[in-house]
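Protein sequences appear in the order of chains A and B.
In terms of my numbering, the first sequence is numbered consecutively and its last residue is 112.
In terms of my numbering, the second sequence is numbered consecutively and its last residue is 110.
Fair warning: there could be bad hints in the mix.
Stated by the list, open to error - Here are the simulated DSSO-like cross-link-like pairs (lysine-lysine), alpha carbons at most 27 Å apart as the crow flies:
1. K57(A) - K3(B)
2. K71(A) - K14(A)
3. K52(B) - K69(B)
4. K105(B) - K3(B)
5. K52(B) - K9(A)
6. K105(B) - K69(B)
Claimed, not checked - Listed next, with one range per pair, are the computed distances between beta-carbon atoms:
7. P110(B) - N30(A): 41 to 47 Å
8. I63(B) - N1(A): 31 to 37 Å
9. Q42(B) - E73(A): 18 to 24 Å
10. K3(B) - T20(A): 31 to 37 Å
11. Q45(B) - N62(A): 42 to 48 Å
Hints listed in this document are in silico derivations from the structure and should not be mistaken for laboratory results.
Where a beta carbon is used, it is the ideal one built from N, C-alpha and C, also for glycine.
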Amino acid sequence: NAGVTQTPKFQVLKTGQSMTLQCAQDMNHNSMYWYRQDPGMGLRLIYYSASEGTTDKGEVPNGYNVSRLNKREFSLRLESAAPSQTSVYFCASSPGTEFREYFGPGTRLTVT
Amino acid sequence: DAKTTQPPSMDCAEGRAANLPCNHSTISGNEYVYWYRQIHSQGPQYIIHGLKNNETNEMASLIITEDRKSSTLILPHATLRDTAVYYCIVVMDSNYQLIWGAGTKLIIKP
Numbered sequence: 001n002a003g004v005t006q007t008p009k010f011q012v013l014k015t016g017q018s019m020t021l022q023c024a025q026d027m028n029h030n031s032m033y034w035y036r037q038d039p040g041m042g043l044r045l046i047y048y049s050a051s052e053g054t055t056d057k058g059e060v061p062n063g064y065n066v067s068r069l070n071k072r073e074f075s076l077r078l079e080s081a082a083p084s085q086t087s088v089y090f091c092a093s094s095p096g097t098e099f100r101e102y103f104g105p106g107t108r109l110t111v112t
Numbered sequence: 001d002a003k004t005t006q007p008p009s010m011d012c013a014e015g016r017a018a019n020l021p022c023n024h025s026t027i028s029g030n031e032y033v034y035w036y037r038q039i040h041s042q043g044p045q046y047i048i049h050g051l052k053n054n055e056t057n058e059m060a061s062l063i064i065t066e067d068r069k070s071s072t073l074i075l076p077h078a079t080l081r082d083t084a085v086y087y088c089i090v091v092m093d094s095n096y097q098l099i100w101g102a103g104t105k106l107i108i109k110p
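The following block holds chain A by itself, in its conformation from the complex (with noise of 0.2 Å):
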């Protein structure tokens, strides 16, 4: 099983470009998370779906739009990039009976 798998792994963007971050799990699982992590800081939840065709706000989704393709992937989309959009972002995945995350390696997203 390769668990949470993450693409693409770096992104140089250009403020106004934009791009989805794609994000797949292999778990069966039913809830699927996006969350940023800026340097020196925890991670904070951008979207949620707690099982296939919903999703949710988190913490800071302003920027950010995401589909739940299918019970595998949840896709991330920054329509017009900005530079404070410059992050790590991770996906993660749970049974959504409990909150044990299992995340996948991140994608560092650049935005000049």
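Starting from the known structure of chain A, fit chain B onto it as the hints suggest.
The following block gives chain B in isolation, referenced to the frame of chain A:
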């Protein structure tokens, strides 16, 4: 969800037990205590969780005080690979969100 307070950093000698404290004085009866760690910019890794009883697994032990206002994560024989940021999180079982603080940076010294 209840907030947690952790020291920003701690040192521990290799081979000794590392005891990481966490205060959660406003915890309510149905809130769990979860511990994760993050090794140098990797994705966080689940360690252990508990409600009111002490818990032990292959990675660590979790000691929760009787009043549940604080807990301690114990790594029984710390190695250099345990150097990481450790996060203590309190969460209700009916909520879908983990609220992450800044954690404790644990440095294991040879």
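Hints, one by one, checked against the model:
{"no.": "1", "hint": "K57(A) - K3(B)", "verdict": "holds (20 Å)"}
{"no.": "2", "hint": "K71(A) - K14(A)", "verdict": "violated (32 Å)"}
{"no.": "3", "hint": "K52(B) - K69(B)", "verdict": "holds (10 Å)"}
{"no.": "4", "hint": "K105(B) - K3(B)", "verdict": "holds (18 Å)"}
{"no.": "5", "hint": "K52(B) - K9(A)", "verdict": "violated (39 Å)"}
{"no.": "6", "hint": "K105(B) - K69(B)", "verdict": "holds (22 Å)"}
{"no.": "7", "hint": "P110(B) - N30(A): 41 to 47 Å", "verdict": "holds (43 Å)"}
{"no.": "8", "hint": "I63(B) - N1(A): 31 to 37 Å", "verdict": "holds (32 Å)"}
{"no.": "9", "hint": "Q42(B) - E73(A): 18 to 24 Å", "verdict": "holds (22 Å)"}
{"no.": "10", "hint": "K3(B) - T20(A): 31 to 37 Å", "verdict": "holds (34 Å)"}
{"no.": "11", "hint": "Q45(B) - N62(A): 42 to 48 Å", "verdict": "violated (29 Å)"}
Violated hints, in rising order: 2, 5 and 11; the structure is consistent with all others.
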